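Residues in the sequence shown are numbered consecutively from 1, following the working numbering.
To be clear, the hints were calculated from the coordinates, so they are not data collected in a lab.
Note that the coordinates shown come from a computational prediction; the quantities given were computed from them, not determined experimentally.
Hints should not be assumed to be uniformly reliable.
[Stated by the list, open to error] Computed list of lysine-lysine pairs in PhoX-like fashion (alpha-carbon distance at most 25 Å, straight line):
1) Lys136 <-> Lys27
2) Lys27 <-> Lys72
3) Lys72 <-> Lys28
[Claimed, not checked] What follows is a list of derived Cβ distance ranges for each label pair:
4) Val56 <-> Gln124: 35 to 45 Å
5) Asp135 <-> Asp64: 40 to 50 Å
6) Pro115 <-> Leu54: 24 to 34 Å
7) Glu4 <-> Glu145: 37 to 47 Å
8) His40 <-> Gln124: 15 to 25 Å
9) Arg14 <-> Ile147: 37 to 47 Å
10) Phe7 <-> Glu145: 39 to 49 Å
11) Asp135 <-> Ile29: 38 to 48 Å
12) Leu62 <-> Asn95: 22 to 32 Å
13) Asp135 <-> Lys27: 12 to 22 Å
14) Val9 <-> Phe102: 25 to 35 Å
15) Phe102 <-> Asp130: 20 to 30 Å
All residues carry an ideal CB built from backbone N, CA and C; glycine is no exception.
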Amino acid sequence: MMHELPFQVDRFRRILSVNGHSYDGGKKIALFEHISIAQHACDSNAQYSSIAGLGVSRLFALQDLSAGDSVKICYLPRCGPLRVWPRWARQNELNTQFHFCFMCDLCNSQESHNPSRRSMEFSQALQALDDAWGDKEAFLSMAEELIRTTAFTTSSRRTI
1 MMHELPFQVD
11 RFRRILSVNG
21 HSYDGGKKIA
31 LFEHISIAQH
41 ACDSNAQYSS
51 IAGLGVSRLF
61 ALQDLSAGDS
71 VKICYLPRCG
81 PLRVWPRWAR
91 QNELNTQFHF
101 CFMCDLCNSQ
111 ESHNPSRRSM
121 EFSQALQALD
131 DAWGDKEAFL
141 SMAEELIRTT
151 AFTTSSRRTI
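Take the sequences, apply the hints, and build the full model.
Below, the structure written as structure tokens:
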């Protein structure tokens with residue numbers, strides 16, 4: 001049986017789910033004054049890190065910033081390779097995790113294309129692989145399959 005939360009509790013829950021940031025290895029979540037107001041950008045100019053167990057995080061610049069520059073962090077957990085993801089994949093990930101569509105400078109600079117069937121299959125396979133991370137046997141089996149199918153696709157393209 002599902003009970004409705006009081007309005008203020010539900011409002012805080014929604015704020016925390018969108019503006020909260022993890023710490024302590026992702027086990028805890030908090031609102032950090034300066035980190036929580038940073039804008040999202042797929043090509044961020046800042047990043048945050050936390051000290052496990054302390055509930056302390058720090059926001060630091062990835063490049064020189066001038067007074068008045070917007071501080072932009074990547075809201076997604078796998079930001080390293082994010083710049084090479086196609087626009088549709090970044091937008092899909094933001095929508096899935098945060099329920100909004102945000103057009104940062106990188107997304108605005110790229111044309112919008114619908115994903116191909118193969119691209120969607122690959123994206124779903126990577127998500128399943130990510131979800132299987134805790135199960136070593138399942139993860140390794142899925143990784144081998146993904147490598148085999150990707151290698152086949154790559155080698156067949158070379159012969160064309």
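So, going through the hints one by one against the coordinates:
Taking the CA atoms of lysine 136 and lysine 27, the gap is near 21 Å; set against the 25 Å cutoff, the hint holds. About 24 Å separates the Cα atoms of lysine 27 and lysine 72, which keeps this hinted pair within 25 Å; it holds. Restraint check for lysine 72 and lysine 28: the C-alpha separation of about 22 Å stays at or below 25 Å, so the hint holds. Evaluation of the 35 to 45 Å hint for valine 56 and glutamine 124 yields a pass: the beta carbon distance comes to about 37 Å.
Here the CB-CB span from aspartate 135 to aspartate 64 is close to 43 Å, well matched to the stated 40 to 50 Å. In this structure the hint that proline 115 and leucine 54 lie 24 to 34 Å apart at CB is violated, the actual value being about 41 Å. Taken as a hint, the range 37 to 47 Å holds for the pair glutamate 4 and glutamate 145, whose Cβ atoms sit roughly 44 Å apart. Taking 15 to 25 Å as the suggested C-beta distance range, the pair histidine 40 and glutamine 124 conforms, at roughly 24 Å.
Evaluation of the 37 to 47 Å hint for arginine 14 and isoleucine 147 yields a pass: the beta carbon distance comes to about 40 Å. With their beta carbons about 47 Å apart, phenylalanine 7 and glutamate 145 fall inside the hinted range of 39 to 49 Å. With their beta carbons about 24 Å apart, aspartate 135 and isoleucine 29 fall outside the hinted range of 38 to 48 Å. Between leucine 62 and asparagine 95, the C-beta spacing of about 25 Å keeps the proposed range 22 to 32 Å intact.
The supplied range of 12 to 22 Å is met by aspartate 135 and lysine 27, whose beta-carbon atoms lie about 19 Å from each other. Between valine 9 and phenylalanine 102 the CB atoms are about 27 Å apart, so this pair conforms to the stated range of 25 to 35 Å. Roughly 22 Å separates the CB atoms of phenylalanine 102 and aspartate 130, a value that falls within the hinted 20 to 30 Å.
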